[in-house]
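Number of protein chains: 2
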Amino acid sequence: MDALNLPAPQGKPRIVVIGGGFGGLNFVHALDTRHYQVVLLDQYNYHTFAPLLYQVATAGLDAPDICGALRKSFRSKKDFHFRMLRVRGIDDGAQEVLTEAGSIHYDQLVLATGTRANFFGNDKLAAHALPLKTVPQARQLRHHLFQTLERADLTDDPAERSSLMTFVIVGGGPSGVELAGALSELRRHVLQRDYPDTDTDHLRFILVEGGDQLLAQFSDKSSDDALRNLEEMNIELWFGKLIADYDGRTATFKDGSTLHTHTVIWGAGVTGEVIEGLSDKSAEKGHYLIDDHMRVREYQNVYAIGDVAYLTSDKWLQGHPGVAQVAIQMGQRLAKNFNALAKNKETQPFEYFDKGNLAIIGRNRAVADLPGGIHLNGFPAWFIWAVVHIFYLIGFRNRLFTFLSWVGNYITYNRSVRLVIEPTLEEELREAHTPATP
Amino acid sequence: MDALNLPAPQGKPRIVVIGGGFGGLNFVHALDTRHYQVVLLDQYNYHTFAPLLYQVATAGLDAPDICGALRKSFRSKKDFHFRMLRVRGIDDGAQEVLTEAGSIHYDQLVLATGTRANFFGNDKLAAHALPLKTVPQARQLRHHLFQTLERADLTDDPAERSSLMTFVIVGGGPSGVELAGALSELRRHVLQRDYPDTDTDHLRFILVEGGDQLLAQFSDKSSDDALRNLEEMNIELWFGKLIADYDGRTATFKDGSTLHTHTVIWGAGVTGEVIEGLSDKSAEKGHYLIDDHMRVREYQNVYAIGDVAYLTSDKWLQGHPGVAQVAIQMGQRLAKNFNALAKNKETQPFEYFDKGNLAIIGRNRAVADLPGGIHLNGFPAWFIWAVVHIFYLIGFRNRLFTFLSWVGNYITYNRSVRLVIEPTLEEELREAHTPATP
Numbered sequence: 003m004d005a006l007n008l009p010a011p012q013g014k015p016r017i018v019v020i021g022g023g024f025g026g027l028n029f030v031h032a033l034d035t036r037h038y039q040v041v042l043l044d045q046y047n048y049h050t051f052a053p054l055l056y057q058v059a060t061a062g063l064d065a066p067d068i069c070g071a072l073r074k075s076f077r078s079k080k081d082f083h084f085r086m087l088r089v090r091g092i093d094d095g096a097q098e099v100l101t102e103a104g105s106i107h108y109d110q111l112v113l114a115t116g117t118r119a120n121f122f123g124n125d126k127l128a129a130h131a132l133p134l135k136t137v138p139q140a141r142q143l144r145h146h147l148f149q150t151l152e153r154a155d156l157t158d159d160p161a162e163r164s165s166l167m168t169f170v171i172v173g174g175g176p177s178g179v180e181l182a183g184a185l186s187e188l189r190r191h192v193l194q195r196d197y198p199d200t201d202t203d204h205l206r207f208i209l210v211e212g213g214d215q216l217l218a219q220f221s222d223k224s225s226d227d228a229l230r231n232l233e234e235m236n237i238e239l240w241f242g243k244l245i246a247d248y249d250g251r252t253a254t255f256k257d258g259s260t261l262h263t264h265t266v267i268w269g270a271g272v273t274g275e276v277i278e279g280l281s282d283k284s285a286e287k288g289h290y291l292i293d294d295h296m297r298v299r300e301y302q303n304v305y306a307i308g309d310v311a312y313l314t315s316d317k318w319l320q321g322h323p324g325v326a327q328v329a330i331q332m333g334q335r336l337a338k339n340f341n342a343l344a345k346n347k348e349t350q351p352f353e354y355f356d357k358g359n360l361a362i363i364g365r366n367r368a369v370a371d372l373p374g375g376i377h378l379n380g381f382p383a384w385f386i387w388a389v390v391h392i393f394y395l396i397g398f399r400n401r402l403f404t405f406l407s408w409v410g411n412y413i414t415y416n417r418s419v420r421l422v423i424e425p426t427l428e429e430e431l432r433e434a435h436t437p438a439t440p
Numbered sequence: 003m004d005a006l007n008l009p010a011p012q013g014k015p016r017i018v019v020i021g022g023g024f025g026g027l028n029f030v031h032a033l034d035t036r037h038y039q040v041v042l043l044d045q046y047n048y049h050t051f052a053p054l055l056y057q058v059a060t061a062g063l064d065a066p067d068i069c070g071a072l073r074k075s076f077r078s079k080k081d082f083h084f085r086m087l088r089v090r091g092i093d094d095g096a097q098e099v100l101t102e103a104g105s106i107h108y109d110q111l112v113l114a115t116g117t118r119a120n121f122f123g124n125d126k127l128a129a130h131a132l133p134l135k136t137v138p139q140a141r142q143l144r145h146h147l148f149q150t151l152e153r154a155d156l157t158d159d160p161a162e163r164s165s166l167m168t169f170v171i172v173g174g175g176p177s178g179v180e181l182a183g184a185l186s187e188l189r190r191h192v193l194q195r196d197y198p199d200t201d202t203d204h205l206r207f208i209l210v211e212g213g214d215q216l217l218a219q220f221s222d223k224s225s226d227d228a229l230r231n232l233e234e235m236n237i238e239l240w241f242g243k244l245i246a247d248y249d250g251r252t253a254t255f256k257d258g259s260t261l262h263t264h265t266v267i268w269g270a271g272v273t274g275e276v277i278e279g280l281s282d283k284s285a286e287k288g289h290y291l292i293d294d295h296m297r298v299r300e301y302q303n304v305y306a307i308g309d310v311a312y313l314t315s316d317k318w319l320q321g322h323p324g325v326a327q328v329a330i331q332m333g334q335r336l337a338k339n340f341n342a343l344a345k346n347k348e349t350q351p352f353e354y355f356d357k358g359n360l361a362i363i364g365r366n367r368a369v370a371d372l373p374g375g376i377h378l379n380g381f382p383a384w385f386i387w388a389v390v391h392i393f394y395l396i397g398f399r400n401r402l403f404t405f406l407s408w409v410g411n412y413i414t415y416n417r418s419v420r421l422v423i424e425p426t427l428e429e430e431l432r433e434a435h436t437p438a439t440p
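Quick note, the sequences are listed as chains A and B, same order. First residue of the first sequence: 3, per this note's numbering; consecutive thereafter. First residue of the second sequence: 3, per this note's numbering; consecutive thereafter.
Treat the hints as calculated values from the structure; they're not laboratory data. Check the hints yourself; a few may be wrong.
[Stated by the list, open to error] Simulated coverage check for chain A against chain B, where a stretch passes if three residues somewhere in it have a Cβ under 8 Å from a Cβ of chain B:
no., stretch
1, 5-16
2, 68-77
3, 83-89
Glycine included, C-beta positions come from ideal geometry on N, C-alpha and C.
Just chain A, with the same shape it has in the complex:
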């Protein structure tokens, strides 16, 4: 009995993959479907090149530049079946994935669900801070940014305008640093020209970091370079500050201080997208516990890869970093192991090949920690960053196009996609006319 219009697997084991991110995509690519039927489930019909979400948020690129249609990616893959839906849970006894459209039987299950923003249970923060984990969120952030500036141009109240022109970014990791850099460039090259009636010198971008350095997982040299660059770009850097609350108008910090702002961007904590229904022992602190064959604890036929998985090793005592490369390599290794099993060959444990860390801060401003302890900054780091990102945009809209967009932006400083496609102006204005919460 196969629901959801799925053909019977014809004697082959059926592998169900939940999530079309870096892990799931690379798993499906590497899997030999002569030996397995593969069913990919995702709530979106596209894969997101997440490292460039901040570019969509700051109008450097538009969504199709960093998204790839999943059905198109696997057009030539035999016995591959995509279904767009949300997963509700897992019945591990019946070996079924439960969805609103029906249940799907699996022989092997691969969990590649990734992470989402984690507001540590603070509902007010969750309701008002803007996360940047998905394409809709990136678009929403862009709409919010430009709409907030439009509103600053509509008010005659200096306090209101100052709050509208103050933007807070929470978290000094790569997303926070890259976003802050992009916003600074946007201010300099676009906003100052586009808003002649507003004094854009009063635009404040504040990066708030709980610890005492930026890019904690990078080398000290890179942290220092990032700091120097952001200071040169007029980003205010607040260290040792933790946000405690935000109601849409006033941010409150753990030390009791407050700040009036209409914008708090959330680049801080994330948690894994753990699905209901597996044994309580399979996950801890929002991540599936896996062995070096990516098997979820307590299960023989359930696997987890990428950000949602937690794997320690001699080299990675605190678990592997939550970066695309780990997800990609886990997906590939797991698929190769399945292929090996089908041919009665030996499987191999996962071993992470660390290619280093890269973060771009602006035009000719970037930091790179490469294998062998090599550290680069400035134009060389920027150039490597550009090449690596273009290279990995395989299967996307059009690598050439995105590259040209980029080069175009680089030469002309011209952000073309600063459009508020679906303004929520009425509600925003109505809100603006009610007194802010003290």
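Chain A is fixed; fit chain B onto it per the hints.
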């Protein structure tokens, strides 16, 4: 007293323009702001190249390809002020435009508000049929199309699947014809490859026209060519059929017949966006009545241009056609008249120079009626259409890019932007599980 952060006009008359469409945009471009202050109001921060909306709806182009940021377009224009907001009304006594953010005084007012879909007072139709007049609507239509196909791949009920795979387009004018053609190409070149588990031969596209021919305002030759092309492309053509009602599941026609479909696209009637507050005698049947100097009846300092205006002449006894060229030429003429007045020169009445009609139906399929009674079809018409449209995309994202996108699509048949960025899948599925209204 100048609200909304607007500088005082310093002795110059202030012209307020409502609407940044073809009329408003060309008016502002041509106006000499050494003699006037100009304030442009729009609810969106971009201009839309409306003739290509159907391309956004069918995943050939994405929104930034056909949108131009208004602030960017007028960056170098002195004493130009853009404000993004919705207009609530006009106080003609006080000479003020009323908005939720405050009131704006005008010396001269230019109404360039365009049209919106008109469902003739049928709320059910308005709630369920999908119009295609704005970028958000085009995106919503694209999301709906692809999401409906995803749902067809999730159901095991043949009647439900057949309803999901039936798409109705209402109206045989240029929008309806161009959209039908684009959908047929999408079926042939994308859908048949992307949905291996669904028999896309069962995809039905039905174009419903109340009259007895397509493209009624074109030459008979063009109408016939359009008919032949759409028939060759397997579009079902229903003539003399008027839709009476649609509840989201069943379309009912005036002759009593019904059709089960999840999609009705509205390419039929439109009505002008008339604003509250002017004299009752100024507008009739949803359009401002203007003289040949674009002056609204009963007023000396209120003008209307483009689709929202109704102007008859010896040549255009039923009014001018609602096309971009009329709006462009009206905007230019009105600005030139203002410029002339400032220099005590004579103004000139509006006279429409008809450049002809063009409609594209598919790859190498188009019809063109050019000045001098010249009729073209096939590749020559298609080529002229492409050149004209690229030429008019001045100031947009990037003419080169859009052109390359196009050439790319032409060569590869590859639609890259078939993404459902913000699926409403949960609600859609829930709906699907409740019985359809009989």
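Notebook entry, point to check: Going through the earlier hints one by one, which of them does the structure break, listed in rising order?
Noted result: none
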